Amino acid sequence: MSKKRRRRAKSKPPRQYLWLKISLLLVVSLLLALALYVLYLDQVVQSKFEGKRWSVPSRVYARALELYPQKPLTADTLLAELSLMGYQPSVDGMTPGTYLRNGKQFVVTTRAFRHWDSVEPGRSIWLNFDNQQLATLTDAVTDEALTLIRLEPVLIGIVHPAHREDRVLVRLDELPPKLIVALQAIEDRKFAAHHGIDFRGIARAAWANLRAGKVVQGGSTLTQQLVKNFYLGSERTLTRKINEAIMSLLLEARYEKEAILEAYANEIYLGQDGNRAIHGFGLAAQFYFNKPPQELTVAESVLLVAILRGPTYYDPRRHPERALKRRNQLLEIIWRDGLIDDQQAQTAQAATLGVTPRPNLGNNRYPAFIALVKRQLQQDYRDEDLRSEGLRIFTTLDPVIQQVAEQALVQNIKRLERQPGLLEGGVVVSRLGSAEVSAVVGGRKPRFDGFNRALDIQRPVGSLLKPALYLTALSQPQRYTLASLIDDAPLQLKQSDGSVWSPANYDHESHGNVLLAEALIHSYNQAAVRFGFTLGLGEVVETLHRLGIDKHIPPYPSVMLGSLALAPLDIAQMYQTLADEGFYTPLRAVRAVLNANHQPLNRYSLDTEQRVTPEQAFLVNDTLRMALRRGTGQSVAQHLPETLFLAGKTGTTDDLRDSWFAGFGSDYLGVVWLGNDDNSVTGLTGASGALPVWADIMRQINVTEAAAPQPADVEYVSIDAETGLRADSNCKQYYDLAFIIGTAPAEYAPCAGGGVKRSMGSFIDRLKGIFR
Amino acid sequence: MKKVLLLAITLLLVNGCAVQAPQPTRTGPGVLLMAQADELAANGEHSQAIALLERAVRIEPRNGHAWLRLARLHVASGDLNKAQQFARRAMQFAGTEKMLKRACQELLDNVSQQLKKPG
Numbered sequence: 003m004s005k006k007r008r009r010r011a012k013s014k015p016p017r018q019y020l021w022l023k024i025s026l027l028l029v030v031s032l033l034l035a036l037a038l039y040v041l042y043l044d045q046v047v048q049s050k051f052e053g054k055r056w057s058v059p060s061r062v063y064a065r066a067l068e069l070y071p072q073k074p075l076t077a078d079t080l081l082a083e084l085s086l087m088g089y090q091p092s093v094d095g096m097t098p099g100t101y102l103r104n105g106k107q108f109v110v111t112t113r114a115f116r117h118w119d120s121v122e123p124g125r126s127i128w129l130n131f132d133n134q135q136l137a138t139l140t141d142a143v144t145d146e147a148l149t150l151i152r153l154e155p156v157l158i159g160i161v162h163p164a165h166r167e168d169r170v171l172v173r174l175d176e177l178p179p180k181l182i183v184a185l186q187a188i189e190d191r192k193f194a195a196h197h198g199i200d201f202r203g204i205a206r207a208a209w210a211n212l213r214a215g216k217v218v219q220g221g222s223t224l225t226q227q228l229v230k231n232f233y234l235g236s237e238r239t240l241t242r243k244i245n246e247a248i249m250s251l252l253l254e255a256r257y258e259k260e261a262i263l264e265a266y267a268n269e270i271y272l273g274q275d276g277n278r279a280i281h282g283f284g285l286a287a288q289f290y291f292n293k294p295p296q297e298l299t300v301a302e303s304v305l306l307v308a309i310l311r312g313p314t315y316y317d318p319r320r321h322p323e324r325a326l327k328r329r330n331q332l333l334e335i336i337w338r339d340g341l342i343d344d345q346q347a348q349t350a351q352a353a354t355l356g357v358t359p360r361p362n363l364g365n366n367r368y369p370a371f372i373a374l375v376k377r378q379l380q381q382d383y384r385d386e387d388l389r390s391e392g393l394r395i396f397t398t399l400d401p402v403i404q405q406v407a408e409q410a411l412v413q414n415i416k417r418l419e420r421q422p423g424l425l426e427g428g429v430v431v432s433r434l435g436s437a438e439v440s441a442v443v444g445g446r447k448p449r450f451d452g453f454n455r456a457l458d459i460q461r462p463v464g465s466l467l468k469p470a471l472y473l474t475a476l477s478q479p480q481r482y483t484l485a486s487l488i489d490d491a492p493l494q495l496k497q498s499d500g501s502v503w504s505p506a507n508y509d510h511e512s513h514g515n516v517l518l519a520e521a522l523i524h525s526y527n528q529a530a531v532r533f534g535f536t537l538g539l540g541e542v543v544e545t546l547h548r549l550g551i552d553k554h555i556p557p558y559p560s561v562m563l564g565s566l567a568l569a570p571l572d573i574a575q576m577y578q579t580l581a582d583e584g585f586y587t588p589l590r591a592v593r594a595v596l597n598a599n600h601q602p603l604n605r606y607s608l609d610t611e612q613r614v615t616p617e618q619a620f621l622v623n624d625t626l627r628m629a630l631r632r633g634t635g636q637s638v639a640q641h642l643p644e645t646l647f648l649a650g651k652t653g654t655t656d657d658l659r660d661s662w663f664a665g666f667g668s669d670y671l672g673v674v675w676l677g678n679d680d681n682s683v684t685g686l687t688g689a690s691g692a693l694p695v696w697a698d699i700m701r702q703i704n705v706t707e708a709a710a711p712q713p714a715d716v717e718y719v720s721i722d723a724e725t726g727l728r729a730d731s732n733c734k735q736y737y738d739l740a741f742i743i744g745t746a747p748a749e750y751a752p753c754a755g756g757g758v759k760r761s762m763g764s765f766i767d768r769l770k771g772i773f774r
Numbered sequence: 220m221k222k223v224l225l226l227a228i229t230l231l232l233v234n235g236c237a238v239q240a241p242q243p244t245r246t247g248p249g250v251l252l253m254a255q256a257d258e259l260a261a262n263g264e265h266s267q268a269i270a271l272l273e274r275a276v277r278i279e280p281r282n283g284h285a286w287l288r289l290a291r292l293h294v295a296s297g298d299l300n301k302a303q304q305f306a307r308r309a310m311q312f313a314g315t316e317k318m319l320k321r322a323c324q325e326l327l328d329n330v331s332q333q334l335k336k337p338g
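Residue numbers (this note's numbering), protein chains in the order written: chain Z, 3 to 774; chain D, 220 to 338.
By construction, these hints were calculated from the structure, which means they are not laboratory data.
Careful, some of the hints might be misleading.
Here are the simulated DSS-like pairs of lysine-lysine, each with C-alpha atoms no more than 30 Å apart in a straight line [said to hold, decoys possible]: (1) Lys230(Z) x Lys50(Z); (2) Lys335(D) x Lys317(D); (3) Lys243(Z) x Lys259(Z); (4) Lys73(Z) x Lys317(D); (5) Lys416(Z) x Lys447(Z); (6) Lys320(D) x Lys73(Z).
Computed from a predicted model, the values in this text were never measured in an experiment.
My request is simple: use the sequences and hints to build the entire structure.
So this is what it looks like as structure tokens:
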């Protein structure tokens, strides 16, 4: 090496100033490189600060609770809703997000909320409950009677973009002033004055740390902290320190202090919720206190400032003593600095931490319902729209009904199961009229995001399809009425593989000629298969499609007995059409989706189509009402209040593997399935398994007690069970059946004095009919 | 005869109590939302009006007036098939309200006439 140099030195004689020139060149190129590097960093600083700074996950909301006088609603239900919304009791209920309950009276101060169709202002309201309903609703300030207000919807889920950072963006003016003041006092006293780096602050921190022998103070400005979190990683190298310094200076040179502070307030890491990172004061306020940042007290604001130095170390839920100690230390500093007065300091020092129990968010609270939401979003919205961030998805979930449905399923499963842990179930509840899905339970562990039995299980539905069979007949009112006699004799059918199928009734008896209504009320199998052949299996399949079963249905006779495998959601769609008096409306779980700029994505509005006449639907529904009260549902229905209008059908499959019940009341429809995942025998019929679950749900949620109005051209006539002719109280067994006017039998049964004087003509019969 | 009369009166009373289908009240939330929707519709803001009416039928599913308004808005936006279906639904909830029934029938007649037109 040294030889080489000497040789080179010999061949090229040293020039004067060579070293100087080289040094100069080096310095110039270094400066140039530095300038280029700064320019590059400037580009980085600008592009990220001015572009879309953060990816914000999408938020999913439940339905908003509507309040108006005479609404069927109990004080307890309102309380359940308020606690889900994170409202807290207070002395007067007059600050946003608080309430005061006094027996049946409430004062609630709501928060303003931007719904998908309009903005609902926040206000103080006075509510008075009486007799299962909201009796009065007035403005608590002006005493003015209110016609309609809407609470904010409960947040039920967060759909993450690729990474797991979560935040609720806030503007600086949405944060409490004391929070901003405290933040600067603790983290960066000279924030208003420095240009990105506070050299005196660094020196002071170094001195303090030296004296303490450990790191007690940081010398980084808020700007540096922002740069570190926003642009750089967490590695502790010299290069990073230099980058941080340059970028801080650049950021300060380019942007206003307010913009930097606002970015800081949204960027800062403040906690962890499972695999979800809590960023920014907006989300932290929600995460720790379940309220928007505007509502934070001084003590709560300072707690957030206290946490940010070490969100894990000072986690107020896991280490409340540490968090409290640090909060109070900071409060003292702020008070000494004169930023809060004595009174404020005293109140804040005395305050408890005030953190709420850990919210159970993410998607684990209502996984089964969220699954339906995701499915419908994919069906009805464009993929590219859904990929954009910060969507707000407004759904139809009713959290109170969901809770009722979950409890009913879980408790009944525990009561009914023969072998612990084996029995499973699924529930769908929907609202009549709008066909909005109010609740979905996917299994006995409602929080577990596993196999969704409400949507995905495919099981034979037993007798649940029978209403379609009889509806097919009743669509020909001149040929068939509920009083038509049909044959329930045994039958044998040769199948394609040569074997013989002989469907049997559940009670293993044949009942001869039965009324069409009776065949449905008691769910006779032999009558159903025979009658299916009479009507034509293809016709019945057509009716099933009209009611909303969207699948291929092979026209086999066994379909009459429900060999078709379906999910509870499919059955809900079918019964929804019946319950809505013949109008098909697609079940839906999503009302609207807004993008980050509050613009609605292409929405599909309410749709409805008449598939069956109201009269025909009424005849079937009225028979289903009797099936519940007098037929297959009797065992459970006798415990339900008579005043409730309820109608429904049991479904039981071979060897008691699947237990179904589908039916509706005045306001809601419910479908329940119970069975084992391995398809083993449960020993449950529709009446002994699914029906009690259904009844538990329905009696709590159908509160208006008013049935669908009887169509004008429908009348009731008493019919003798034996002959299918008009009956009176002398007949042994008779039913009051609904008929489209003009289709009821004119003749009287022998037990009602008919038959003998048949030749007397129908005039007297009609006369009798008038007075009946 | 007396007995029959008594029975008839009792039946009438019992029926009167049993069938308490929620009639749209004169000052209820439905009325309020319909008034707001009418205003929006008059200003040509149809999708906003539809949103309000959907809210109305969500609160009062058997409010025939709200269903009829939805039908009218669908006529205005040219979706005649949808209009027809909504008018049928309105008709179903019209009950004994003659005016409402007549309005539904008029709309249905109009729509079916237009639907029959070729092209």
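Here is how each hint holds up against the structure:
As the CA atoms of Lys230(Z) and Lys50(Z) are separated by approximately 13 Å, the hinted pair is consistent with the 30 Å bound. Of the pairs offered as hints, the one joining Lys335(D) and Lys317(D) holds, with about 27 Å between alpha carbons and a cut-off of 30 Å not exceeded. Restraint check: the Cα-Cα separation between Lys243(Z) and Lys259(Z) comes to about 22 Å, which is no more than 30 Å; the hinted pair holds. With a C-alpha separation of about 27 Å, the suggested pairing of Lys73(Z) with Lys317(D) holds against the 30 Å cut-off.
For the hint pairing Lys416(Z) with Lys447(Z), the CA-to-CA distance comes to about 12 Å; that is within 30 Å, so the pair holds. Under the criterion of a C-alpha separation no larger than 30 Å, the hint pairing Lys320(D) with Lys73(Z) is consistent with the structure, at around 27 Å.
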